[in-house]
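Undergrad: These protein sequence lines are chains C and X, in that order.
Under the numbering used here, the first sequence has 162 at position 162, and the numbering climbs by one with no breaks.
Under the numbering used here, the second sequence has 168 at position 168, and the numbering climbs by one with no breaks.
Please keep in mind that the hints were generated in silico from the structure rather than gathered at the bench.
No incorrect hints appear here.
Quick list of in silico lysine to any residue cross-link-like pairs, SDA-like style, CA-CA up to 25 Å:
id : chain 1 : residue 1 : chain 2 : residue 2
1  : C       : K111      : X       : R411
2  : C       : K111      : X       : L422
3  : C       : K68       : X       : P418
4  : C       : K111      : X       : D325
5  : C       : K68       : X       : L417
6  : C       : K111      : X       : R349
7  : C       : K111      : X       : A332
8  : C       : K111      : X       : L340
9  : C       : K111      : X       : H414
10 : C       : K111      : X       : R415
11 : C       : K68       : X       : L413
12 : C       : K111      : X       : D337
Across the chosen pairs, the derived CB separations fall in these ranges:
id : chain 1 : residue 1 : chain 2 : residue 2 : range
13 : X       : A179      : C       : G181      : 47 to 55 Å
14 : X       : L21       : C       : A238      : 45 to 53 Å
15 : X       : R352      : C       : G38       : 38 to 46 Å
16 : X       : F493      : C       : D69       : 40 to 48 Å
Cβ coordinates follow ideal geometry from the N, Cα and C atoms, glycine included.
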Amino acid sequence: MQLVIEGVGKQYAGRGWALDGVSLTLTPGLTGLLGPNGAGKSTLMRILAALTRPTRGRVTWDGVDLAKDPDRLRAVLGYLPQDFGVYPHLSAVEFLEYIAAAKGLDPASAKRRIVELLEMVHLAEPRHRPLGGFSGGMRQRVGIAQALLNDPQLLIVDEPTAGLDPEERVRFRNLLLELAGTRIVLLSTHIVSDIEAAAERIAVLADGRVIADGTAEALLLAAEGHVWEVALPADQVASFRERHRIGTTQRRGEAVVARVVSDDAPHPHARTTPPTLEDAYLWHLDRARAAVRV
Amino acid sequence: MHLLRLAWADVLERTRQPGYLVSLLVMVWMGHGMLPREDAGYRTFVFNEQYRPSYGPEWVGTLTAVLTSVYFLFVGFYLVRGTIERDRRSGVGAILATSRMSKFGYLASKALSHLLVLGSMAVVVLLTALVTQQLLGEDRRIDLAATLTPFVMLTVPIAVFVSASAVFFDSTPVIRGGAGNIVWFVLLGVIMASGEMKEGGTSPSRDLMGAGIVARDVIRVSQERYPESAASATSFSMGLNFSERWKTLETRRFDWHGVDWSGEAAASRLLWLLVGCAVLGLAVVPFDRFEHAASALAARRPRLRLGARSEAASPEPLTPMRSADSLTPARAAFRFDALLRAELLLLFRGQRWWWYLGALGLLIAGLAAPLTGVRRIVLPLASFWPVFVWSALGHREARDEVASVVFSCARPLHRMLPATWLAGASVGLVLGATGMLRLALAGDLAAVAGWVLCALLAPLLALACGAWPGGGRLVEVVWLFAWYIGPMNRIEFADYTGVVVPRSPQVWLAYAAMLLALAGFAWWGRARQVTR
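Please model the complete structure; the sequences and the hints are all you need to start from.
TA: Listed below in structure tokens is the structure:
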């Protein structure tokens, strides 16, 4: 079971390259795709879900080119898009039955699985109510259920925790970890903590390119020595921020302690500190952007 | 000033859609077609068969102004409406509702935006007609004031009336959806019938389009020039009239210098302008200022949800999530009948009670009405009743934002498209079932076959158009237009039902070819939707 992305680029008319030369090989396990808004994550997800054709490069599923036979991948795909709606007049059960029929699942076993999935995402009670009356979080859970309907070998989830409350988020991350044991799970998000908790491999995408790819430890190691902590008077923070990339700030009495991502000491009193994944992510972004400028 | 800015933003949003360019191209085609050559197989003005003014600046302006008004009433309304609903669905309305914008200010900006869109269409017609006038060469005088005045006096009041009515319909519960389109059509029929030209003319105040004012003047001049035209029975029509005999019938032309727009004529046009303004004022009453949009938006967009409401809506206590491995295994076994059933459920869910009531009425009428009534009224109505069910077929994935979910399923073209098509076709077959039975019992199998073809054709048209922005609306307008020309006016080639007018073999062939072409377009369009 292998999804290979080779030199994939996507150009939109009049908008330049949304993706440029992306190459990744995905095997069973959970891969996190991290990147700022507009980095090209959703475009890549849509290409992998056979909803958009790449302008160049190719994607293969177990050796089969997606451009030539997209249905081979669709048969084993579970996809939770970033923005999606529902048919408002159908109930959760009816909507999932529709998707099950469209996915080509046996109606009898699909019926049982739908009930179980709705129990799993805690929508058993309102399952016969029209989806039009569901809250955003409830709809997101219907989305999760539809993505798992066909027990996918490849699960692509784009910003899946949007709309979920903190406890639901934790539960969903655990579910992804469980699924990743025997499946390929690709989780796209710009929420670093989601990735940190779940992904064994992280790919960072910026301006349509993969700028880092490895384990969380590898990303952290690369950023080692580039994260600084410095205590500043509160009234100097704004001017300091104009000159340096501040990750987070924390108020301590009269002073503000800032975490700064920089190759050099940003202040005479700054001292290096172990990076968090968020620091590492910012450092990789800065490094990639600096490389583009050069 | 805010009103102008709002209206302008709305106009920009619309004019940057490909559908707008298409509508302008249609206007070019229509502007040219409104002035038929003498040997054309149709007329847009008929007075006692063969009399008409020469295509000079006054007649070109007047004829195109009246016909543009007809187009605005019957098609323009459907083209411009829907922007308030768009604001409601996109959430823009909720944002505007939190500003200091007044209800009237918002609605007036929408009406102004409609007016500007219709106005741009009228300008295209006018320019095309001026070029056509030169090409035909009957009277090459250029008199912009004479050509433009009828547009100001006839088309502008109609455009205001249509714009205001579209806003009123979009603001009013019940008629702001598909039901409003039917209500408008019926309402137009009533207004037109009450203002219909009768012997001795009609009151200008009841003459919505002002065609009667024009007719009186044209008839008067015609009878002065050709006294014999006064002796024959008066027949007068402005609109599309098809007949083979017009290809050979000699046209008797005369000079005509336009309507004297003063006194009662001008007052009647001013009256319709004021009626339009009053309709706009009335729209403020039912308009809810997007009171129900915020919660709808929150539900549609997880990220913009109203956090507290959303969490409070969680129906069950938070417990550990069940393990995925404990679920019933998913078994792949595609069943077309299951997909077709799901498609039918999707089609029928969401229809209002009155739709079912109407459908039931049609089924009963199909059994109870005389056979001529079944042919001429019941089945034509049954071909119109599901138009809003059909029109959703091609674009509901985009409308309800489920395209990514649905089109990432296996074989969206080979499985889902035929299922959607057949589900749509079964709606037509069911609604016409009793009528078909009557026709079959009467031995008219050709009409039964015609109806089956119609039921297959309609959803294909919707699927073919659905791939383009505004495709659903296009289907509704095209179907309505075809319904008016075909089953209602009993024109053979336009009778898509195949039951009102017996078909010649050529027309059968043409419809069969159309079915194949639409199937090709539907396939191609859906392929575009699946992989954009």
